[in-house]
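**Student:** These protein sequence lines are chains V and Z, in that order. All letters in the first sequence, in the order written, are residues -2 to 563 by our numbering. All letters in the second sequence, in the order written, are residues 145 to 329 by our numbering.
Accuracy of the hints is not assured; some may be wrong.
List of simulated lysine to aspartate or glutamate pairs, EDC-like, C-alpha gap at most 20 Å [what the hints assert, rightly or not]:
(1) V:LYS172 to Z:GLU317
(2) V:LYS285 to Z:GLU255
(3) Z:LYS320 to V:ASP189
(4) Z:LYS313 to V:ASP189
(5) Z:LYS311 to V:ASP208
(6) V:LYS177 to Z:GLU318
(7) V:LYS177 to Z:GLU255
(8) V:LYS311 to Z:GLU323
(9) V:LYS177 to Z:GLU323
(10) V:LYS172 to Z:GLU255
Calculated directly from the structure, the hints in this document are not laboratory data.
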Amino acid sequence: MSNTATTETKPAAPAIEKIKVKVDGRELEVPKLMPDWQGKLVPTTMIQACELAKTDVPHYCYHPKLPVAGNCRMCLVEFGTPALGPDRKPVINPDGTPKIAKSPRPAIACATPISPGMEIYTQTPGVKQMREGVLEFLLINHPLDCPICDQAGECKLQEYSVDYGQSASRFVEPKVHKPKAVDLGPRIVLDDERCILCTRCIRFTKDIAGDDALGIVNRGSYNTLTAYPGKVFDNNYTLNTVDICPVGALTSKDFRFQMRVWFLKETKSICTSCATGCNIIVGSREEKVYRYTPRENDAVNACWMCDHGRLNYKWIGRADRLAEVRRQTSEGRSEKTTWTVALNEIAEKLKKAPHGSVAIVASARQTNEEFWLLKKLADKFGALTDSIGYFGEGDKLLLNVDRTPNRTGARLIGICQANVGIKMMVIADSIKVGKVKTLIVFGEDVTKSSLDAELLGKLDTLIVSDILPNETTKRAHYLLPGCAHVEKRGTFTNIKGRVQKFMKAVEAPGDARPEWEFLHDLVYNVTGQDGFLTIEGLFNEMAKDVPAFNGLTWAGLGDTGVTVPT
Amino acid sequence: MIVNRKPLTLAERLYLPAIVGGFRVTIRHALRSLFGGKTVTMEYPEQKWAVPPDYRGAPYLVKDQDGHTKCVSCQLCEFVCPPKAIKIIPPGPAGELADRPNAEKMPHEFEINFLRCIYCGLCQEVCPEEAIFLLKDYSLTGLSREEMVYGKEKLLALGGVHGGIQKWKHKLEEAKEQENFPVKV
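Could you put together the complete structure from these sequences and hints?
**Tutor:** Right under this line is the structure:
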């Protein structure tokens, strides 16, 4: 792991005093102060100490990235502090250990700070009884509709019911019925009966998303979560409330009744909808992507992701995906061919191409490895290279104005300039005057930029790799079907220079192959340079070659990536 | 331990007594079934066994006493099915509404591949809605593989009605009683 490449040049944090506490009889040292939900240093709480001790304390309302509410009472634990004698000095047991005065009452672990010498007990019969009691109260009005509840399988109430629940309810009165299938906003459905009033969603939308839209009305058992009257729960972060809802009260309209969560294969990936590069988990089953959920990475997206990125996955399974290698015959007809034939023919043509007669338009949605292989081709022919930028409106939380995941990577490797697309006009002019005869296009519809259909007609060879059909793929002499990011492995460099890897979740349709695979073959055929046949080797080779990535290794990236100087 | 084979006696070496003995048994059974009035075989396709009450035959979907689909597409049977014979397509957000007003959900498609089914009964055991039962059918035939994959409509038609406690209906009635409480302004 290369720490040299990390540029998180925060001022060295002052050494935090460590204090000794005991969790279930095991002594450990924990920092006196720990970051709260805003990252501010505050006294460490018992639940944080238990987490450091790898002891699980069940909880509903506590969330490390949200303000502490302390209302669910599930995290009640027993504790004791060193007893003080009349002289205000610790009382010492005969064996030399300090005498512990056990607190007569339990405390909620999420909101009680630790003190030196404190002992926390999480497994005593009393604690177990308290958890059972809290759970019994929660289940009084909670409907037993797990068969139709989307949360089933990832429901905290279900999990803790298995651990601390009773087999039968002692409650004989009818349950309180509340509104069901409430339309909270364009992406959220609320089932009030299932709500356990933990207020995680309220705190998230008020304090993180900055849209104070949700609240609880009525009293006692009739407490009801609702949106502010007349207000629609609609901001770019609403679906995070579905993730943090410990039960099935808030469900996603997009994922509602689509698939049971226990069938979903979870693959670590990166969101490609903007340059922030939020870490995500792709939920897929039988080669179909069902949902994206955020994956925790404090250096990028904490526990959140925006709705814009989360719902941008449906194009992956589109029926018109390019799945055949095609080439244009001498009569101008398009015919199906094989990878070997197409790559050999392209290599032959490229080998004959004079210096400066090739141009490459790459997509900022491609991976670092693919850029590097393209750069090798470009260097061979002195080719003009550029990419196309996509910009939209950003927001202050996660969504970046740059809507491509890897423009930084393209710049660092030398595919495009800081001002993306600045060379597109040069490429267009070179085609116009007949200097550039071969154009390689990856994942872009260049007819929408300065290279219109007429210009493309002037080319001798147009090599296009893409995922979905468009005007450029229609005109391609060689059409090479590529992969979506969930169908291959690779790395992206986000806007802040964090190099993050993503894994393969589903198989690509038909003959489509990951771009880095066939680019590797092509580079080998054309330049004779052999890279690596595995993505790991390819990345490591690239890291040696590209100055910005020096010192990185595929394994060293870990799950959360490494920041490089941009 | 080695048991040495005894040498055959003369009668045994002749085989004839054994053959005669065999014929005696055959003729006894033939005469008994001709004149004894008691048959031990059955004209199978026309006549069928009365299977025992706990027999595990083909799993079919059942309807409740109101004629509504009981399955809520929870997919536990699909999960538990050892040979992966069950395939359920959930309704999705825009799918058809459930027959029963409060159940919210029913399968868009429900297929059992009877070429795969091993009649283990785990689907019936796991079903939280009592919507699938192993009934008495044991002889399922078809002329093609596709024919042996039974869809939702076919399974429901074969399964018939199997009443129960109708919990979703009760919940709805209970909720209706509470509609005016807490008092609305």
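**Student:** Next step is simple, just say for each hint if it's right about the structure.
**Tutor:** Each hint tested on the structure:
1. V:LYS172 to Z:GLU317: 12 Å, holds
2. V:LYS285 to Z:GLU255: Satisfied, since the Cα-Cα distance of roughly 19 Å is no more than 20 Å.
3. Z:LYS320 to V:ASP189: 15 Å, holds
4. Z:LYS313 to V:ASP189: Given pair LYS313 (chain Z), ASP189 (chain V) holds - Cα atoms ~19 Å apart, limit 20 Å.
5. Z:LYS311 to V:ASP208: 39 Å, violated
6. V:LYS177 to Z:GLU318: Holds, at roughly 14 Å.
7. V:LYS177 to Z:GLU255: 30 Å, violated
8. V:LYS311 to Z:GLU323: 40 Å, violated
9. V:LYS177 to Z:GLU323: 12 Å, holds
10. V:LYS172 to Z:GLU255: 36 Å, violated
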